[in-house]
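Chain residues, written in single-letter form:
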Amino acid sequence: MHSPTVNNLQIEVATTNGDYSVSTNDTLANGLFKMGLDVTTRRIFPSNIKGAPSRYIIRLSDCSLMAPNNRTDIAVLLIEELAGEVLDRTVSGGVIVYDSTSSLGEKLTAATDGRTGSEEFYREDCVYYPVPLSQLAATNFSDSRLKRIMRNVIYVGVLSQLLGIKPAAIREVFKENFSDKGKKVINSNFTALKIGRNYARQQFAPPANYQLKEITHKTPRYFMRGNDATALGTVMGGCTYASWYPITPATLHGENLERYAPRYPLIVEQGENEDSCLGRALGAAWAGARASVSTSGPGLSNMAEFLGFSSFAEIPVVIFNIQRMGPATGLPTHTKQGDLLASLYLSHDESPRIILTPSTVEQLYDYSWKAFNIAARSQMPVVILSDMELGLSFYTIAELNYPEQPIDPGKILSEEELGKISDFERYRDLDGDGICYRSLPGKGPTYVTRGAYHDREANLSEKPADCSQKIERLFKKVQTAADSGQLPSPVLEEPDGAEVGIIGFGSSIYAIQEAVGLLREQDIQVALFDLPAISPLPTAELQEFIDRYKTIFVVEQNYTGQLQKIIQTEFAVENKLQGIRRYDGDYLTAQYISRYCRECLEQ
Amino acid sequence: MSSSDQTVKKSYTADDYSTENTANLCPGCGHLLIVRALRQALAELQIPPEKINLIAGIGCSGKTVAEINSNGLHTLHGCAAPVAMGAQLANPEQENILISGDGDSWAIGSGKMIALLRTNLDLLYICENNGTYGLTRGQLSPTTKMDSPTRCGTVSDIPPVDGIGIALVSGATYVARGFSGRQKLLIEQIKAGILHRGLAYLEVFSPCRTFNDHEESHHSYRYCQRHATDFPRISVVDVEADYPTDRQLDPEFKFEGKKTNFGLKFDNLNEIPGYDPTDRNLALKTWEDYWTEQVIPLGLLYIDDSARAHHQRFYGESDSYIADLRPEETRPSQSDFSTILEQFK
Ligand SMILES: Cc1ncc(C[n+]2csc(CCOP(=O)(O)OP(=O)(O)O)c2C)c(N)n1
Ligand code: SF4
Ligand SMILES: [Mg+2]
Chain Z
911 MHSPTVNNLQ IEVATTNGDY SVSTNDTLAN GLFKMGLDVT TRRIFPSNIK
961 GAPSRYIIRL SDCSLMAPNN RTDIAVLLIE ELAGEVLDRT VSGGVIVYDS
1011 TSSLGEKLTA ATDGRTGSEE FYREDCVYYP VPLSQLAATN FSDSRLKRIM
1061 RNVIYVGVLS QLLGIKPAAI REVFKENFSD KGKKVINSNF TALKIGRNYA
1111 RQQFAPPANY QLKEITHKTP RYFMRGNDAT ALGTVMGGCT YASWYPITPA
1161 TLHGENLERY APRYPLIVEQ GENEDSCLGR ALGAAWAGAR ASVSTSGPGL
1211 SNMAEFLGFS SFAEIPVVIF NIQRMGPATG LPTHTKQGDL LASLYLSHDE
1261 SPRIILTPST VEQLYDYSWK AFNIAARSQM PVVILSDMEL GLSFYTIAEL
1311 NYPEQPIDPG KILSEEELGK ISDFERYRDL DGDGICYRSL PGKGPTYVTR
1361 GAYHDREANL SEKPADCSQK IERLFKKVQT AADSGQLPSP VLEEPDGAEV
1411 GIIGFGSSIY AIQEAVGLLR EQDIQVALFD LPAISPLPTA ELQEFIDRYK
1461 TIFVVEQNYT GQLQKIIQTE FAVENKLQGI RRYDGDYLTA QYISRYCREC
1511 LEQ
Chain D
1244 MSSSDQTVKK SYTADDYSTE NTANLCPGCG HLLIVRALRQ ALAELQIPPE
1294 KINLIAGIGC SGKTVAEINS NGLHTLHGCA APVAMGAQLA NPEQENILIS
1344 GDGDSWAIGS GKMIALLRTN LDLLYICENN GTYGLTRGQL SPTTKMDSPT
1394 RCGTVSDIPP VDGIGIALVS GATYVARGFS GRQKLLIEQI KAGILHRGLA
1444 YLEVFSPCRT FNDHEESHHS YRYCQRHATD FPRISVVDVE ADYPTDRQLD
1494 PEFKFEGKKT NFGLKFDNLN EIPGYDPTDR NLALKTWEDY WTEQVIPLGL
1544 LYIDDSARAH HQRFYGESDS YIADLRPEET RPSQSDFSTI LEQFK
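Chain order of the listed sequences is Z and D.
If you read the first sequence in my numbering, its first letter stands for residue 911, the second for the next number, and so on.
If you read the second sequence in my numbering, its first letter stands for residue 1244, the second for the next number, and so on.
Isolated chain Z, as found in the complex (with noise of 0.2 angstroms):
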């Protein structure tokens, strides 16, 4: 007999898109947050409002893992369509809940009884759990919409009793939800907590093979996603006008903001199209705000000409972008990492911008406030490079931090400033570091703020000297902030022994992380540069990694390798690069990674 693993499971639910499981889901992964577990959720999602399948997936970790796993333990069987593919998926021993008053159920209980015909849905080796959910709905509420959700909370009883979570918890989650909403609402989601724990009482002995022990945190702990991270860090940054368009997966974001804008000196705006948002956002940068707009994918080509023209411009401003699968619809609810070259290029001819590549939960809000500073302080846009799998999981994570670098106005001189200078000229390098001092308009003088050509007066020109200085002047601002100290560094992790590395950003490193653990434990030693940036680039620890280590292995979500061509033009790195890509739309986990290294280097 083994004994029980503790805290270390994978929940994973088969459901329909849009029967209200979601948010249930939300709150059964929240309690077991509140019971102090490591809990990380992932969506597997059709672009679908409602009918089309869907799965949630829940990973509690004993180690603070945040990617998700490709075994599941306790299997929640809600359709048919996912039944087959969710059952090859669970492990050996793994429990399977279902609705016993489904026609799946009815099937699924034929093959445990040992009857022909349904025997695809069965497996010796796992635990079966029929349970009428749907009837219990039935029975114990009216309405139909009442019906339908209180399914889904009942099933969450059932996994409350068979594996030890808290009530109460989960009870905290509800009034926290619903605290608008009335006792009413919050009564009947108790009432239907109680059913399926007394069902489950009733009928079933716990699995003996799984474990949830309450861990008390001494240090508070945080449960959110990517999209609340970089809403906060936003907010944080001292952003005081944004605009947005509706766009999976980046939504979430400007709805957070939405809320946060009655509270703060914040004006939220949602624009009639993302090129729009964005010239709504350079406008009021221009006019003295701290300004931003986020979107994903098609908004981010929407917007090439603004972008090109902040650059120039010289308008501060941040753009986030929450990274979907592509090209043109592509799928909006598939993660991907295929908007590096676009970020880093779009727009006609060259313009210069930063582009931050935040991988974790906290560096999503890091990155996010400090973008403001880097943008106001450069004159220039940042982009920040989020992905769906960061924007819509929810993650655990330790404490964040107030800021520690006050709020950077850059260099705008004010108007007492401005008057005892006789000689203001806005396009006037001044300190050498291509910044120029700017003024806002009406609290100094006059002059023409253009995507042309002009010279240091910021009069029109076409002379060569005055478009060469422009260009190269824009150019150098980049390395100024590479020497600013206001960019993030990467993150480095380097084991004794280790000859290969792992270079990777974005949602990828979570999955990097784990997957250094597993090829640890095969006694191959990994290192990892967690990649802050890539405009500009960290070159001084990239090339000292890179000159490290024998092999290098550049991990990204996207087909080409972007990044690996990044690097590649770059820096010498000789043949050492090895590409790691995923492209389907599925989530990387440590698996696909550890498997693709080692085979690798035994070749």
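Keep in mind the hints are simulated off the structure, nothing from the lab.
Computed from a predicted model, the values in this text were never measured in an experiment.
Possibly wrong hints are sitting among the right ones.
Label-pair distances were calculated between CB atoms; the ranges are [as the list claims (entries may be wrong)]: (1) 1585(D) <-> 1095(Z): 17 to 27 angstroms; (2) 1581(D) <-> 1316(Z): 15 to 25 angstroms; (3) 1555(D) <-> 960(Z): 52 to 62 angstroms; (4) 1402(D) <-> 959(Z): 33 to 43 angstroms; (5) 1331(Z) <-> 1361(D): 54 to 64 angstroms; (6) 1289(D) <-> 1316(Z): 34 to 44 angstroms; (7) 1430(Z) <-> 1579(D): 39 to 49 angstroms; (8) 1397(D) <-> 1316(Z): 55 to 65 angstroms; (9) 1331(Z) <-> 1517(D): 26 to 36 angstroms; (10) 1558(D) <-> 1254(Z): 31 to 41 angstroms.
Derived, one-sided and incomplete: chain D residues facing chain Z with beta-carbon distance under 8 angstroms [to be verified]: (11) 1264; (12) 1332; (13) 1395; (14) 1412; (15) 1566; (16) 1587.
No residue lacks a Cβ here, since even glycine has one placed at the ideal position from N, Cα and C.
Start from chain Z and add chain D with the ligands according to the hints.
Frame of chain Z; chain D with the ligands shown alone:
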């Protein structure tokens, strides 16, 4: 670049709004006459140049931003509207004036135009309509009339966009039609548009001397002189005057402006019996009649001073704007931060 010592000056003349730069427009271009009227209007209103934001689209029209002493922002083709929206919201204290062409507004910028017109953003929008693309040398514009050929002989076989009609139905609260060749009226229209609280759409017939001022053009000086009629002719009058209230009988009305009240004198309202420029349905109906008859009415068709300006949705009656915040005021405090974090625990 002009230094900011203008702030100590007591009164401004039209010359104070000129610059040492030129937009390099063709001699006789209608847009240059708008520049002239604009400078004169600004001088009459005594608005310091540094208090003016001039936000321009791309075209010969937009290029004139170089010739007006103000905070200029020369944006992208068809994109001045959103930029002006952001600028105005960040700092509604500034007088925001937007300069655009007929192509800039009604072809490439048409979606953005509707979005702007809906908002009642407090600014003056000047659409310089010459029925052609001046800067790209005379192609069809969305306002080109059907039987009016371009430089290379192309004739449009689809009806033109009716900017005034769209402005009226989209929610502009000041809709006026001017003509570069009618300076006196134009100056009054610009002044009233600036004083107005809300979105003032002023479409100015502004002939392109080089590409669209020929015999067959519907946007030539001659065509406009021939087909124009003055209605409803306005002038801005003393703000302090005592205003009557019966719009049917009295030619002078008082309006609530963005900063002060102002009076408008309507010279010839009685030419259309019962015409009330604050009645939008009447304005629409009258405009439609003119449009079908191909008459160009020059005047102020519609004004509504009762609507809330867009920035008031965010600021209410407060005059503390985001552009005025000190850097540290833009970030929530440590205790606010802790409160926010509570919801994620
Ligand atoms: C995105 C984009 N497309 C095309 C152009 C080229 N372009 C410049 S001005 C213009 C048309 C200008 O016409 P209008 O707005 O009527 O202004 P006008 O020159 O007649 O005053 C065009 C097509 C451009 N600058 N940007
Ligand atoms: S081309 Fe036409 S619109 Fe342009 S400057 Fe010349 S006359 Fe004016
Ligand atoms: Mg034109």
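Right, here's what the structure says about each hint:
Distance hint for residue 1585(D) and residue 1095(Z): a CB-CB separation of about 22 angstroms, consistent with the stated range 17 to 27 angstroms. Range check, residue 1581(D) to residue 1316(Z): about 18 angstroms between beta-carbon atoms, so the 15 to 25 angstroms window is met. Between residue 1555(D) and residue 960(Z) the Cβ separation comes to about 39 angstroms, which falls outside the hinted range of 52 to 62 angstroms. Between residue 1402(D) and residue 959(Z) the beta carbons are some 39 angstroms apart, a value that agrees with the proposed interval 33 to 43 angstroms.
The beta-carbon spacing between residue 1331(Z) and residue 1361(D), approximately 42 angstroms, falls outside the hinted interval of 54 to 64 angstroms. About 40 angstroms separates the C-beta atoms of residue 1289(D) and residue 1316(Z), a value consistent with the hinted range of 34 to 44 angstroms. At about 42 angstroms, the beta-carbon gap between residue 1430(Z) and residue 1579(D) stays in the expected band of 39 to 49 angstroms. Residue 1397(D) and residue 1316(Z) have their C-beta atoms about 59 angstroms apart, which keeps the hinted 55 to 65 angstroms range intact.
At about 59 angstroms, the beta-carbon gap between residue 1331(Z) and residue 1517(D) misses the expected band of 26 to 36 angstroms. Between residue 1558(D) and residue 1254(Z) the beta carbons are some 38 angstroms apart, a value that agrees with the proposed interval 31 to 41 angstroms. With a cut of 8 angstroms, the hint placing residue 1264(D) at the interface with chain Z holds, because the nearest CB-to-CB distance is about 6 angstroms. Evaluation of the residue 1332(D) hint against chain Z yields a held restraint, the C-beta minimum of about 6 angstroms falling below 8 angstroms.
Here the hint on residue 1395(D) is broken, as its CB sits about 27 angstroms from the closest CB of chain Z, past 8 angstroms. Given hint, residue 1412(D) at the interface with chain Z, is violated; its Cβ is 17 angstroms from that chain's nearest Cβ, farther than 8 angstroms. With a cut of 8 angstroms, the hint placing residue 1566(D) at the interface with chain Z holds, because the nearest CB-to-CB distance is about 3 angstroms. Taking 8 angstroms as the C-beta cut-off, the interface hint given for residue 1587(D) holds, the closest approach to chain Z being about 4 angstroms.
The structure is inconsistent with the numbered hints 3, 5, 9, 13 and 14, although it conforms to all the rest.
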